[in-house]
Amino acid sequence: MYSEKVMEHFRNPRNMGEIPDADGVGTVGNPVCGDMMTIYIKVKDNRIDDIKFKTFGCGAAIATSSMITEIAKGKTLEEAKKIGRSNVADSLGGLPKVKMHCSNLAADALHTAIEDYQKHKGTKR
Amino acid sequence: MSKAKRIYMDHTAGRPVDPRVMEAMLPYMQSLCGNPSSVHSFGQEARQALEEARTKVAESINAESKESIFLTSGATESNNMAIKGVAFRNKDRGKHIITSNIEHMSVLNPCKFLMTKGFKVTFLPVDQYGFVDLTSLEEELTNETILVSIMYANGEIGTIQPIKEISQMVHRNNAYLHVDAAAANGQVPIDVNDEGIDLLTISSNDMYGPKGVGALYIKKGIRLEPLIHGGGQERGLRSGTENLPGIVGFGKVAEIAKEEMPTESERLKKLRDKLIKGLLGPIPHSFLNGHPTKRLPNNAAVRYSFIEGESILLDLDMKGVAASSGSACTAKTLEPSHVLRAIGLKHEEAHGSLLLTLGKQNTEEEVYYVIRIMPEIVKRLREMSPLTPKELME
Chain A
0 MYSEKVMEHF RNPRNMGEIP DADGVGTVGN PVCGDMMTIY IKVKDNRIDD
50 IKFKTFGCGA AIATSSMITE IAKGKTLEEA KKIGRSNVAD SLGGLPKVKM
100 HCSNLAADAL HTAIEDYQKH KGTKR
Chain B
0 MSKAKRIYMD HTAGRPVDPR VMEAMLPYMQ SLCGNPSSVH SFGQEARQAL
50 EEARTKVAES INAESKESIF LTSGATESNN MAIKGVAFRN KDRGKHIITS
100 NIEHMSVLNP CKFLMTKGFK VTFLPVDQYG FVDLTSLEEE LTNETILVSI
150 MYANGEIGTI QPIKEISQMV HRNNAYLHVD AAAANGQVPI DVNDEGIDLL
200 TISSNDMYGP KGVGALYIKK GIRLEPLIHG GGQERGLRSG TENLPGIVGF
250 GKVAEIAKEE MPTESERLKK LRDKLIKGLL GPIPHSFLNG HPTKRLPNNA
300 AVRYSFIEGE SILLDLDMKG VAASSGSACT AKTLEPSHVL RAIGLKHEEA
350 HGSLLLTLGK QNTEEEVYYV IRIMPEIVKR LREMSPLTPK ELME
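As you go down the protein sequences, you meet chains A and B in turn. Numbers 0 to 124, taken from numbering that gives the first Met the number 0, label the letters of the first sequence in order. Numbers 0 to 393, taken from numbering that gives the first Met the number 0, label the letters of the second sequence in order.
Simulated from the structure, these hints should not be mistaken for lab results. Be aware that a few hints might be false.
Stated by the list, open to error - Just some of the chain A residues that point at chain B, by a computed CB distance under 7 Å: (1) M15; (2) T37; (3) F55; (4) Y116.
For glycine and all other residues, C-beta sits at the position ideal for the given N, C-alpha and C.
Just chain A, with the same shape it has in the complex:
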């Protein structure tokens, strides 16, 4: 069902956890749908300096969360905004068709976190 890469990220998720003093936080999905994730980012010199995730959901939801933190880390905010669901899925060696909404979620959560940062930039949090 899942590629070896998906299972590898599910087994050993990268950057799992919270950033207590995050510069931006994005939460998407909801427990009713069975998938919910929160992405935390730390921004330095317009780059994603640190990124972490917390996810409730299926194997694909966890693997895509883990994968997007790997892809986004070190990228400029403009670059990070361009990361889409297909990038995440492709990096994982593909996802089952019915699961594509999960990977959509990971990109959405990252974009929401960046928007959160940009909205609050310069204001004390």
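Place chain B on chain A using the hints.
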């Protein structure tokens, strides 16, 4: 336990065939190749084997005669045959059918199909344990009601229905009672006579027989419209050359089950209760799905808050354990199981469900292994989940 060992606890999804059954079937794939409809000796041998198997199936449910057993391709066909067959043949007596919210799809979907053909269908609610609401049943029965279809037991939550009580209600209103016993047959004794069942669905694989074989018991005097027209096999109700190896295997397994079920069910009940206790006891925010005692001997259905079922299955699989879940993410649809919703679980509660179904091969050692690894799995997933309350992880 060695890492290479795999533990199968998904017996509701599929079972291995009993080696004695396989042995009984083999000759019918080779030398005994006749067609029961042929006049020569090969055909006569096949006919005899067919009728012997039919007798064994009849005896396993205490049917009045082997003539009331109609062999099919499995539970889905039997359910379709019972529901659509009774409806189309008896529509002059009424066009109302009653069933429940927790039936198998092979009951719900034929009922929904009949709604497009001018029949009225009532879907009865169930309580938190999954018992059909008998007050609603009493209220919904009218002289328009021709058929009531209620499952013997639910494979997903294990709950066993009070069939005898339901039957008395249905018969007071002169309707027929169809019972889908696919999840129950082979695990609990079923007596169509004593329990007042008019039509009964059973399947072979649920008793460790081959897949692709089942039967519909039809009480003498009840008339059905056939679904499959052809050469007139099964007394015109189910045409098509009989699947003889499968049917012989079904007969053999029905015979074995009748003999061995009492002992095996007692063994399974003990294992089940150990498993449930071990899955719930050490883990906070964990719950049982279904009723604590009125449940199938092999069924351990639980749920864990804050995590999702498919993730639990993947973690278990990595540790060699095969299980099942009612979570949306393991299904073709993205909706959680209709059964878990019907017993009143919220979507997020249903998503955290885990179903372990035991079988003949499972040992006490295996149950202890699963109990041992479970807290770690739940902890790992809860650490990842944004829903987990902070104080729980401290």
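Quick rundown of the hints versus the structure:
1. Below 7 Å, beta-carbon pairs count as interface contacts, and A/M15 has one with chain B at about 6 Å; its hint therefore holds.
2. For A/T37, the suggested interface contact is upheld, since its CB lies about 5 Å from the closest CB of chain B, less than 7 Å.
3. The closest approach between the C-beta of A/F55 and any C-beta of chain B is roughly 4 Å, which is under the 7 Å cut-off, so the hint is satisfied.
4. Checking A/Y116 against chain B by beta carbon gives a least distance of about 18 Å; that is not within 7 Å, so the hint is violated.
The structure shown violates just one earlier hint, number 4.
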